Amino acid sequence: MNPCKLKEPKVINNALLEKCVQEQGPKGEAGRLAQIEKVPLEEVPQIRLEFLNILRIDHLWVLTSLTKLNLNNNLIEKIENLETLVHLVELNLSFNKISKIENLDELANLEKLSFYDNEIEVLENMDFLTKLTVFSIGRNKIAELENVLYLRQFSNLKCLNMVQNPCSETEDFRLFIAAFLPHLVYYEYKLIYDMERELGQEIFGSKLRQLLESEEREREARMQIDKEIADAALHASSFVEYLNTHHLFDSLFLNDDDGKHLLLIEDAKDFYDEYEEQFLALCMQIFENGQEQYRLRTDEIDQFMKCVEDAQTSNQQESIKHMEVFIEQKAEVFYKIKGIQKLLNNNEITYEEFIDKCDVLVLEYDKLLHDIWKALMKLELELYEQMEEVNQTFEQSITELVNQFIESSQGYFSQIRDLEVSYAENIGDLALKFQTNATLSEEIVVPEILKPIMSDKDALHNSLATSHDVHMQIIDAREDTLSGNARDWLEDLIDNLMKNEVKRNRGKILEINHFLDIQREEFDDLNAEYAPEPEEVASAD
Amino acid sequence: MEDIVSDIDILPYLKQLEQENQEEELEDEEIRYHYIEILDAPRDLPPPVELTLKDLTHLAKELGLIKLCWPEIENVEFENRVNFPESYLTNSNKEKLLLLYTENFRKQFSYKYPNRKQLFLASNNECGMQKMVCNTVRPTTLPYPEIESWKDCAKFVGQGVRFEPFDIPTLIPNRFYSPHTIFIRRAGQSHEIACALCSLLIGLGYDAYVVFGYAVRDVTLRIMSRVDSPYPPDEEKDQVRDEGEDNKKYTVRPPRDLRSKFLLMMEQKEIDKIKAEEERQAELEKQREEEEEKPPFDELEGMRFHFWVMIRTEGRAIDEVTFVEPSTGMPHPVSSPMYSGIESVWNHLNYWINMQDCKEGLGSIDYNLHDVTKWEHLLIGEPLHWRQTVENLQMDDDEIALAKLMEEKHLDMPMPWSTKIYITHSVLKQKYPEGVMTTWYKRTLVEEYAPYVQYDGMVVKITRFKDFDCTIPTRVEDLYENRQDKLRKIVFDYNTQYITEYFGPGREDAVIEHRYHSKEPETNPRIIIFNSNARHDGLERIEVEREHMLENYVDREDLFYFREVNYARKGYPPPGFTESHRKLIIKVVEKFHRNKAIPARDDVATREFAIVERQIHLQYHFGEGKVTASTRNFIKPAIAEMGDDVLFSPDVTSGYEAEIGARPRRQLELFLLFQKMLQEEEVSISRIREIEDQITEFVALRDHETAFPKLDVSLFNIEQNEDYRLGMLEKEREQQEHKEKEIEDAGVEYLAPYLSKLGNPESLSPRSAAKIREECLNDFKQMLLNRAVDIQKQFEYWTQFLKDKQQWYSINQDTIQEDDEIKYFQDVNELTFLLQCYEIRLGRHRDLSSLRYEAVVRYLNAQLKPLVDAYQEEE
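Taken in sequence, the protein lines are chains A and B.
Residue 284 in the working numbering is what sits at position 284 of the first sequence, and the numbering runs on without skipping anything.
Residue 643 in the working numbering is what sits at position 643 of the second sequence, and the numbering runs on without skipping anything.
To be clear, the hints were calculated from the coordinates, so they are not data collected in a lab.
Treat the hints with caution; some may be incorrect.
To be verified - Taking lysine to any residue pairs in the SDA-like style, the calculated list, with each CA pair at most 20 Å apart, reads:
{"no.": "1", "chain 1": "B", "residue 1": "K793", "chain 2": "B", "residue 2": "H845"}
{"no.": "2", "chain 1": "A", "residue 1": "K27", "chain 2": "B", "residue 2": "K626"}
{"no.": "3", "chain 1": "B", "residue 1": "K591", "chain 2": "A", "residue 2": "Q317"}
{"no.": "4", "chain 1": "A", "residue 1": "K499", "chain 2": "B", "residue 2": "K626"}
{"no.": "5", "chain 1": "A", "residue 1": "K306", "chain 2": "B", "residue 2": "V252"}
{"no.": "6", "chain 1": "A", "residue 1": "K374", "chain 2": "B", "residue 2": "H845"}
{"no.": "7", "chain 1": "B", "residue 1": "K626", "chain 2": "A", "residue 2": "V308"}
{"no.": "8", "chain 1": "A", "residue 1": "K378", "chain 2": "B", "residue 2": "Q675"}
Computed from a predicted structure; not experimentally measured.
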């Protein structure tokens, strides 16, 4: 054969895939069945595309349920087009010409990954492969020892191979691995002993400590942020997010320059502090009230869910009981029919007798079907009615709870508004007094920034009014968000409740009818051979 | 004979007198005419009796008199013991003083309270010496952690000492053995056991007292057949159903009940009637039982003396005042109906007399002994720590000191006369006298054995009876300890004829319960329950019968939990099958829990391998809220077609899909499933065979364990650990041998070789004696000389060696290494020390030689003299 032909690069296409699937599919009887049926490509669980001189990864998007992919010993230079293979657990890209790790972010289920004998220089772009367990990167071009530290983030990584890389040529590389990858169990497929780990920790002690400290700091910072986000999310479900912090109060003065400037007046700070204190206390009350109400609501929902579940399970159990009885009776009827069919085949009874007996059994079976249908439908109807009723009760009480919450919150908000009004008055008085004093005596120095406000009475009045308005708006907005969110949530909840119930009911009725249809079909199939004309019976014999 | 008759005759007489006295007094106040009637009634007085000394002593005893004479007691022999300490045989002066004081107290008391029963204040000890009761209490602490608490201690005394009832139940006892003696005899009367128990309890730090009072007949005679046994029958535990709070709010309304109310009512009436009848029967039965259990009429009720122990709360922590019955060791609350009155209480510090009325039962009286209106005490100001000193502020130091001195100046209790209680550990371990105790409780016979007494490790055998007279047994329970096969209990039920064996943890096969029929174990179900946590296959229960086997599993990873196997009847194989030595399996049913990780349509709930029918039926789990579940049936091809690759066609399988609109299963999938099920079938069958083997093995093992029981012995058990004891004996023997050898060495006969030269003669002539002496002395002299020469030689050799060494050093001083130099100096040091030693030895040898020589001369003279004397006598 022509050696050049051997080296001829190939592309992945449908024909190639189908060929591989067939070749690698089951053998023997299973293979025969597979060939008759043609397993569609999107259901193939694994495929090997090795020694095919493939240049580019392509056309694999058809194999959507692939869990194991071998692309070793090809001519691939770039990792690409693997985004759709999200179920992939095992990926083998060894003996290729890849120079950069990339485009693996979607493969979150990946556990085994091999880049053996490639041209990779840096370990990167693998942050989303959290399940990585076995990783082989031997015979590559990794020169920097720091690359190993990148692997510290994979807590599931148990087995690593980095043989024949520039960085792994040093004598104590194995000890380095042992020290810096504490979760790792095997390196180069050999067990890492505790002794090696200790030795490594001794040798690289200072570096390891530094690393650990910086990691600890990072982790803490990350956790802090995570916690804040989680808290906010949690509080959002009780509609009082950020009310336990300065957030709302700070936002009052965020865009209110005049308000801020007015604080420069002597004694204004006192009012401000007092205002802040009372404001925050009220916010905190809203927050606590919100948490408390949230608990009440979840309790209510839990109770409701439990009852609904109980009712549904007991209903289901009863239906199943009916069903079991039916299946027994059905088996009996089938047995009888088979019995008389046998008698007919052996010519022990005449066809007329057979038909008579058959008719009796057909009637019996029809009655059975009707009975079970009636029983199941009755149960379902009962359940539906019960559900409807209980849903209404629940709707009422949960609405009441939400309204209660909104009303109590509104009460607090009006207190906040009162606070704002009195604060505005205080500040206004103070500012007026200050202005009067400033105009009367020269001793009082008006800060530069206050001068435009203090220029005349109207300006002062204006700025005071705007400041007050801004504050009021912000407070109103927060109140609206709170009640709006709560109402939306309530609506959603109730809507879903209704929808789910209707869906459940339809599904159940469909199921019952489907089952009975199948039962009827089965029975018809059983009789089909014998029913229509006596001639056929004769020919069948 | 006469004496005894008169002794008994006098009793009823006295009693009658007493009764009449009381009656007269009573009726004096109440019904006058009655009194006359009584006076007029013909009286039946016994004939006057002549008073002998014996009668008088008896009378004295009855009156509780204390003898105030101090006879000498000699040649005591009491139950094979003759040696008694001095305190047993005499009364010290202080004791005499105490007795005098007590007698005085008794006189005053009986004068002041003439209607009170006599007090029990003093009695004779085992040597016949009169001793005060308080002195008999001997607080003792035993060094055994086993009896550290009052409950353990009481149990030990109750079990370990046999109870002897009083000869005459209404009379105070005329003997009072010391607690020490009680544990030697391991038997005693109630006051002696109570005193012994009290001594131990005080030794443990409890505030314990001996109580003197009255008890019911059963207690004073230790009749237990009306008492519930301490081993209550195991009752089926009522399952406490924790339903949580019913939240009514959302509970769905039940569907309307459309049945006829009238019919329901009639049915209910019928049921109620039957129930009422049953209840009536049960009530009757209960009444009958109660009647049966009632104690017989006792004419001496309330007059039977008894002694027991009271523990108060002032000493070591105990929740409330508690009584302990000395005959059984069981604790009882103060309100117990067993005890009907208290006369007095005492311990080693004082004696208190109850001044309260006991009519309302003992639960109602006050046990605060500090209260002098309720408890009259014998010694003033005792015990010391109860006293509250009121210091007069106006007194100066001297006066205070004097007051304190005066406070001490009064009579307190003398030291107890009895010796300390001594109990060996083996006695403690033996628990019961002779290691066995048999007690008839209510409808129960309990035989208790100390551990290691029975060869099969049985410690308790409980036989329960249906009737009060204990004739129809219902259940036998044997409890075991220290069994190597971890057997803990065997229960035999007479009704079901079932034997149930219970095992502790630690068996290799993890069996914890084994039930089987005693007569026909083959035809009745045999149940084996395992500790599933200890088994790797999670097996929890097996129930096996001739044609049936049920297996239950828990917590398995594959969620498998149940298997049922049906066998063909022996001798009736289904057509087309032949029987082998194995039981023929007809059908296997296996069940699995729901695996939430995979959809319900792929999660098999039940699989049935109908082996004879050659079919496989699968039923899948129900989906959420679904009322139908998918099923799948396979028909296996004939055996002839079952090669490596079975041909598969759609005809061999059928099934129902519960999920509407789901993709129908592919032939390939079904084929793979079929293949898998075929494999599973084989696996299941081999598992079943394994289980069968395990059962057979287990039954055989049980038979062996029952036939040859083995007991475990703890490493620390000195009494029973045979290895340990042998080791100890061996060690002792070695020590003994070593000692003997030393003694032997000391007793070397120096003359022996010389005498043996002459043929060990019985006697020696003075001449030959002189010769021997001469020889011997010469040899000794030579030996001394040799030794001196030897030392001298050694000394010279080492001196030369040292010199050589020093020379070598002075030559090589500049060239030698540092290490060698250090070594050289060490060597020199050692050598000089050695030489010094030789010098000293030589000096000592020289000094001692003459002394030694003289000693040998003396020795020889002494040894030879009898021989020479013998010779002269012969002459």
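Within 20 Å, alpha carbon to alpha carbon, are B/K626 and A/V308?
Since the Cα atoms of B/K626 and A/V308 sit roughly 15 Å apart, the hinted pair holds (cutoff 20 Å).
Given the proposed pairing of A/K27 with B/K626, does the C-alpha separation stay at or below 20 Å?
It is violated: about 38 Å lies between the C-alpha atoms, which goes past 20 Å.
Mind checking the alpha carbons of A/K374 and B/H845 for me, to see if they're no more than 20 Å apart?
Outside the cut-off at roughly 127 Å; violated.
Given hint B/H845 paired with B/K793 - CA-CA distance at most 20 Å:
Between B/K793 and B/H845 the Cα gap is close to 14 Å, so the pair holds against 20 Å.
20 Å Cα cutoff - pair A/K306, B/V252
Within the cut-off at roughly 11 Å; holds.
Starting from B/K591, check that the Cα of A/Q317 is at most 20 Å away, please.
Holds. B/K591 to A/Q317 sits at ~18 Å (cutoff 20 Å).
A/K499 and B/K626 were given as a pair; does the straight-line alpha-carbon distance stay at or below 20 Å?
Distance of about 18 Å is within 20 Å: holds.
Assess, step by step, whether the Cα of A/K378 is no farther than 20 Å from the Cα of B/Q675, and give holds or violated.
Violated. A/K378 to B/Q675 sits at ~42 Å, over the 20 Å cutoff.
Consistency note: the structure conflicts with the earlier hints numbered 2, 6, 8.
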